[in-house]
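**Q** So the sequences go chain by chain: A and B.
Position one of the first sequence corresponds to residue 1 (the numbering used here), numbered consecutively onward.
Position one of the second sequence corresponds to residue 1 (the numbering used here), numbered consecutively onward.
No lab work stands behind these hints, which were simulated from the structure alone.
Treat the numbers as computed from the prediction; the structure is a model and nothing was measured.
From the three backbone atoms N, C-alpha and C, an ideal C-beta is built for every residue, glycine too.
Heads up, a few of these hints could be off.
[Stated by the list, open to error] Per the computed footprint, the stretches of chain B lying under chain A, defined by three or more beta-carbons under 8 Å from a beta-carbon of chain A, are:
1) 46-59
2) 401-409
3) 423-433
[Stated by the list, open to error] Simulated crosslink set (BS3-like; lysine-lysine; CA at most 27 Å straight-line):
4) A:152 / B:95
5) A:239 / B:399
6) B:96 / A:224
7) A:390 / B:125
8) B:95 / A:224
9) A:254 / B:457
10) B:457 / A:147
11) A:78 / B:126
12) B:125 / A:100
13) B:74 / A:144
14) B:139 / B:238
15) B:95 / A:217
16) B:125 / A:224
17) B:444 / B:417
18) A:144 / B:414
19) B:417 / A:155
20) A:81 / B:139
21) A:239 / A:390
22) A:236 / B:237
23) B:237 / A:415
24) A:96 / B:74
25) A:152 / B:96
26) B:238 / A:236
27) A:100 / A:155
28) A:390 / B:423
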Amino acid sequence: MVQHHQDSEIFRSELNKKIMLSRDEIFAILLKTLSYSDGDQCEALIISNSNALTRYSNSVIHQNVLENDAGLFVRTVKGKKTGTAISNSFSPDDLKRTVKISSQICDVSEENPDFRSLPISNHIMSEKLVCEKTLNFAPIDRAKHIKKFTEKADKFGLSTAGTFSSGLYQIGILNSLGINAYFETTRAKFVAMALENENSGYASTSSYSVDLLDIEKKSDIAIKKCMESRNPVEIKPGKYKVALEKQAVNDIIKLFSYTQFGALAKQEGRSMMAENIGKKIMSEKFTIYDDGSAKEGLYFPIDFEGILKEKVVLVDKGEAKNVVHDSLSAARDNVKSTGHALPPGNSGNPYPLNIFLDGGEKSENEIFSNIEDGLLITRFHYLNPFLNLKTALFTGTTRDGTFIIKNGKISKPVKNLRFTQSMIEAFSNIEDLSLETEIFNDGSFFTLSVPSMVLNNFNFSGNL
Amino acid sequence: MNEDVIKEFHLLVEKAKSLGANYADVRFVHRTTERISTKNSDIESITSNDDSGFGIRVLANGSWGFASSSYINKNEMLSVLNQAVDIAKASSILKKNDIVLSPVEPVIGDYQCQIKTDPFSIPFKKKIDLLIDSNKIMKEEKNIQIANGNLYFLKEDKLFISSEGSQIRQERIVSGGGIFATAMENSEVQKRSYPVPFGGDYKTGGYEVIEDFSFQDNALETAKQASLLLKAEECPKKITDIIIGSVMLGIHVHETCGHPTELDRVLGTETSFAGTSFLMPDMIGSYKYGSDIVNIEANATIPGAMGSFFYDDEGVKAQKYLLVNNGIFKNYLTSRETSPLFNQKSNGTMRADGWSRIPLIRMTNINLLPGEWDFSDLVKDTNDGIFMDAVKSWSIDDKRWNFQFGCEIAYEIKNGKIQKLLKNPVYTGNTQQFWNSCDAICNKEHWKLIGIINCGKGEPGQSGHISHGSAPSRFRNIQVGVK
Chain A
1 MVQHHQDSEI FRSELNKKIM LSRDEIFAIL LKTLSYSDGD QCEALIISNS
51 NALTRYSNSV IHQNVLENDA GLFVRTVKGK KTGTAISNSF SPDDLKRTVK
101 ISSQICDVSE ENPDFRSLPI SNHIMSEKLV CEKTLNFAPI DRAKHIKKFT
151 EKADKFGLST AGTFSSGLYQ IGILNSLGIN AYFETTRAKF VAMALENENS
201 GYASTSSYSV DLLDIEKKSD IAIKKCMESR NPVEIKPGKY KVALEKQAVN
251 DIIKLFSYTQ FGALAKQEGR SMMAENIGKK IMSEKFTIYD DGSAKEGLYF
301 PIDFEGILKE KVVLVDKGEA KNVVHDSLSA ARDNVKSTGH ALPPGNSGNP
351 YPLNIFLDGG EKSENEIFSN IEDGLLITRF HYLNPFLNLK TALFTGTTRD
401 GTFIIKNGKI SKPVKNLRFT QSMIEAFSNI EDLSLETEIF NDGSFFTLSV
451 PSMVLNNFNF SGNL
Chain B
1 MNEDVIKEFH LLVEKAKSLG ANYADVRFVH RTTERISTKN SDIESITSND
51 DSGFGIRVLA NGSWGFASSS YINKNEMLSV LNQAVDIAKA SSILKKNDIV
101 LSPVEPVIGD YQCQIKTDPF SIPFKKKIDL LIDSNKIMKE EKNIQIANGN
151 LYFLKEDKLF ISSEGSQIRQ ERIVSGGGIF ATAMENSEVQ KRSYPVPFGG
201 DYKTGGYEVI EDFSFQDNAL ETAKQASLLL KAEECPKKIT DIIIGSVMLG
251 IHVHETCGHP TELDRVLGTE TSFAGTSFLM PDMIGSYKYG SDIVNIEANA
301 TIPGAMGSFF YDDEGVKAQK YLLVNNGIFK NYLTSRETSP LFNQKSNGTM
351 RADGWSRIPL IRMTNINLLP GEWDFSDLVK DTNDGIFMDA VKSWSIDDKR
401 WNFQFGCEIA YEIKNGKIQK LLKNPVYTGN TQQFWNSCDA ICNKEHWKLI
451 GIINCGKGEP GQSGHISHGS APSRFRNIQV GVK
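Use the sequences and the hints to build the structure in full.
**A** Listed below in structure tokens is the structure:
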């Protein structure tokens, strides 16, 4: 029989009086939490969100949801031992209980020789990137935009699918060594897909502000791609020159960053970075960095330990340069954290969440129109990066708009293909990158800014 | 559960009607989890998580609305209800038909899964020692650079109350974990997992589940295999017969039968994200999905399996039925919303990942039923082929048709005997061709269930708990290796 600790206090304290907590309320909880700690050091982190998402397909809204949640992460430190407890219940008794559990875990834990200390700071940091309109965006607002896209697609005999999400994230961190950091941001994302029989087109737009979403343009792109994808032809698998649109580049770079640029993967010898720092392993045209403080991206200046994020150049002109660190991985390498910690309780691999891939000097139109014979890829599906992490061997399929390019122009649509390709090899074969870049956000903390890309000899391993 | 809270939830679903909803349900979910992970005999992390909240789903103006909150008090409940109704009304500006739910009899009851030992009563030290001992055994093997392991325990208390009169409380405990050996030499990296890759194996049950795994007894062999793979020959690229072991085949069933038979997916509700399905409604009863010996069931009634429950998250009783019968596609996994398409009632597959997510059609326990072969006879009967097992990479297209799977380990089969070890095996094909090429399935002595806790579906993302049962099976003329 499961015991329910909350039976006697299910209706909670005044702290639970409204859906979203203010900054002051968050810090009141964090302060109270630290006051209960018996550790040498203690860290309290709250991640709060209020997120709405409207989902549509077959030209109807079939799912429409709202979530309000806030989680408290408590990390207790005793010597070189740490223990973490998480709860989304903030009554005084629950706070005491969460701190007690983290302390008990700490007691039974063993010393981690790599652990030095929680981060130290002597200043308060409080930042936000908030759009009031996004904060107050109502279900009917999202529904009206979807309806407009659907009515436009209907005029061409197409059906629609996709999502429209909007919401607020808040992060507050307080530790016993002076870390006092807060960040709040709104997020919005519109995904448009137009469909007809077996052909489809896709486009998406994301920002911190609903006003900055390019909904009309992206709707038109999805419709155009769908119509241009009618009657696709089958082509033989093999090596092709490919023009990757920004969405397709985003799909690959997201997983590439996840598997390659965390310090732990390098320290354990699991990534391409393990033996290659300082070596030129890709094209000179490939420069990628992480910068959560960059105003031109979706600004996200602190990590989940409350450390200010540094700009970290990961690959510079094809040369493997750096990986990102949290305080534990940094101590292991005797360097300082770059501000890339994830919330406690994760696998311990710090991770770049604000990726920038440098563009080139010519427009997308120019670099694509230089292709005499190749394939244009809109988007990838079900990428898997685990075939060989050291060579970054990926597989996946194309979808929602794949075309033959002849003499710089789209000549005809092709049926989707499966590729199996080392990304180190692919990024060694970069012919060009577009000047324009676009921001992609997954609806939460992870943002990429990427250009379009032309790659030579990209390996398609099968037909679907 | 506090009776006042239950009463409040009943008042809430009644109140929904007065706000214009013609159906409402509320789910309160409280989950306690414990995760322990070790690496190279050090504790990597120990985390305890306590999570609770409620979600209200309403049908108003013929459309769905859902809102949820972790803040539980009377005012908040009313606020969330109003939000859910507003959302449903907004949804209704873009609809074709009013949603109609298939009927279900109201149920009132409390249900608990059976366990022997509450894993939360086991001292941390015992659990940590188990993993560290296993790490140490694996590290003794040459070339093992990373020896790690993890344990996971979940206590879930779930209450479902509907405006149709149901009040169902279900409690379950989940236990699981695994150990993993990564061998490295020069730039070569090879990994073996026990019992199952990517997090381990999971069951509904108590600490006895972990004891049954016998991690220490299997640690050395797991490490040896990883080490030997460093020197193994590369799996060749050719078309050949393959025998797939239960750990890999369970994942194959998941991707090529489980997901494509989810009727919400078939009807397009995952289109822009995970995709649709090649299994169209007009194929039911006639489509030759596999060879005559292929029988695949959905069975939510298997004790201890991860996809088992008493009632789904719409209050529909757990069921058992065939998805594929003698190779013919027979049924979808359905819900109260989708089953009227076939003039049927729901076959009970709607589950949500916690309180903050809506129920979706999810696989229950999707199993390839056993055949008649003994494994050794099957190997003897295979002149030229490859045995492979344990998923390493997986990818399938948006219709669930073309797949490519990589495995941790493979062995060459020559003249009816298992021969040399092969590394980096990959096989690829299309779903219908693959299942129609199945000419032998091992018997129930070799049939094994694997449980997973990370089946991703939906937006916002949800992780599903599912089991898959299968026995080693042979497939003829499969493309192995990547061209």
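**Q** For each hint, tell me whether it holds in the structure or not.
**A** A quick look at each hint next to the structure:
{"no.": "1", "hint": "46-59", "verdict": "holds (count 8)"}
{"no.": "2", "hint": "401-409", "verdict": "holds (count 4)"}
{"no.": "3", "hint": "423-433", "verdict": "holds (count 4)"}
{"no.": "4", "hint": "A:152 / B:95", "verdict": "16 Å, holds"}
{"no.": "5", "hint": "A:239 / B:399", "verdict": "24 Å, holds"}
{"no.": "6", "hint": "B:96 / A:224", "verdict": "24 Å, holds"}
{"no.": "7", "hint": "A:390 / B:125", "verdict": "36 Å, violated"}
{"no.": "8", "hint": "B:95 / A:224", "verdict": "24 Å, holds"}
{"no.": "9", "hint": "A:254 / B:457", "verdict": "19 Å, holds"}
{"no.": "10", "hint": "B:457 / A:147", "verdict": "25 Å, holds"}
{"no.": "11", "hint": "A:78 / B:126", "verdict": "21 Å, holds"}
{"no.": "12", "hint": "B:125 / A:100", "verdict": "17 Å, holds"}
{"no.": "13", "hint": "B:74 / A:144", "verdict": "32 Å, violated"}
{"no.": "14", "hint": "B:139 / B:238", "verdict": "35 Å, violated"}
{"no.": "15", "hint": "B:95 / A:217", "verdict": "24 Å, holds"}
{"no.": "16", "hint": "B:125 / A:224", "verdict": "61 Å, violated"}
{"no.": "17", "hint": "B:444 / B:417", "verdict": "22 Å, holds"}
{"no.": "18", "hint": "A:144 / B:414", "verdict": "64 Å, violated"}
{"no.": "19", "hint": "B:417 / A:155", "verdict": "63 Å, violated"}
{"no.": "20", "hint": "A:81 / B:139", "verdict": "23 Å, holds"}
{"no.": "21", "hint": "A:239 / A:390", "verdict": "22 Å, holds"}
{"no.": "22", "hint": "A:236 / B:237", "verdict": "18 Å, holds"}
{"no.": "23", "hint": "B:237 / A:415", "verdict": "24 Å, holds"}
{"no.": "24", "hint": "A:96 / B:74", "verdict": "24 Å, holds"}
{"no.": "25", "hint": "A:152 / B:96", "verdict": "16 Å, holds"}
{"no.": "26", "hint": "B:238 / A:236", "verdict": "18 Å, holds"}
{"no.": "27", "hint": "A:100 / A:155", "verdict": "62 Å, violated"}
{"no.": "28", "hint": "A:390 / B:423", "verdict": "15 Å, holds"}
The structure shown violates the earlier hints numbered 7, 13, 14, 16, 18, 19, 27.
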